[in-house]
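Asker: Chains as they are written, first to last, in the numbering used here: chain Z, 1 to 147; chain B, 1 to 120.
These are computed hints drawn from the structure, not numbers from a lab.
Being a predicted model, the structure only gives us computed values, none of them experimental.
Only true hints are included.
Distance ranges between label pairs, derived from CB positions:
#1 B:G77 with Z:G62: 18 to 28 Å
#2 B:K42 with Z:G61: 25 to 35 Å
#3 B:S114 with Z:R104: 15 to 25 Å
#4 B:A85 with Z:G62: 23 to 33 Å
#5 B:E18 with Z:G36: 22 to 32 Å
#6 B:E18 with Z:D123: 36 to 46 Å
#7 B:L81 with Z:K89: 39 to 49 Å
#8 Z:P38 with B:R115: 22 to 32 Å
Straight-line distance between alpha carbons at most 27 Å, and here's what the computed BS3-like set of lysine-lysine pairs gives:
#9 Z:K119 with Z:K8
#10 Z:K119 with B:K116
#11 B:K44 with Z:K141
#12 B:K74 with B:K88
#13 B:K44 with Z:K139
#14 Z:K34 with B:K42
#15 B:K44 with Z:K34
Now the stretches of chain Z that chain B is said to cover, found in silico as 3 or more residues with beta-carbon under 8 Å:
#16 14-23
#17 32-44
#18 47-55
#19 103-113
Just so you know, even glycine gets a beta-carbon here, dropped at the ideal spot from N, CA and C.
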Amino acid sequence: MSDSKSVKMHYDVAGDDFDRAGEASAGLKRLLQKIGVPADIIRRIAIGTYEAEMNVIIHAGGGQVDAEIFPEETVVYIADQGPGIPDIKLAMQEGWSTAPDHVRQMGFGAGMGLPNMMKCSDDFDIQSTVGSGTNIKMKFKHISEDL
Amino acid sequence: MNLNDVRKLLDAKICVGEEYLGRQVETCCGSDLMSDVLAFTKCKTLLCTGLANMQVIRTADMTDLCGVILVRGKLPGEDMLKEAAQNKLPIMSTEYTLFEACGILYSNGLRGCSRKAEEQ
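So that you can see chain Z by itself, here it is in the shape it has in the complex:
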């Protein structure tokens, strides 16, 4: 991969489709492995993207996962046209969740998703408008923590 080029990935994520939940994140993980990004960085990208993908499936009725992989960093964009988040500050608090019971029974909806996305990424941005949807941008630098 040359400095001037990036590799792009796009997935459409269907709402409430729990059988396929995680396919976008798994696809991105395989692509990053193929490119040769360090394993500890891939783990953070995969977890952050999976948390976002699950949110789109659970709360938004579907959306889009896009990633652009540069030599120095990976940028992940998650967009949905769902109900939006009325209070982002509240949603960022660990343990706060509006997930329904059937989602909790599957092991999700513990209110850890947004804080974990922030923890995994080097740069995290969330924009949400009630009635229009939510856009998340996460940047992950390709530098191992132990360097």
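Using the hints, position chain B against chain Z.
Answerer: Chain B only, in chain Z's frame:
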């Protein structure tokens, strides 16, 4: 401890991934909550869980878990077996409960993923 040691201690049945039982287990997590697994585990962690669905396999893939133990005699479905085989993820099943399985592994030296466990 490796996965084969875990199998013996928990008298576990191998459901898939027998060829990976030599894999080292560095830490262990006992949880039915995949949100916690995503937030608090490290790579090469063994997951003991009572949850037997596809999200366990996907969560294991994202977090680089070294293996999964299904407790209370639960068994994976065909879809789980297929995906786990593709992801090179070993799954075993034990009759012990989550508490018992974690207790046996802890008393044999396996530790958890928390910062407090690291300090011990």
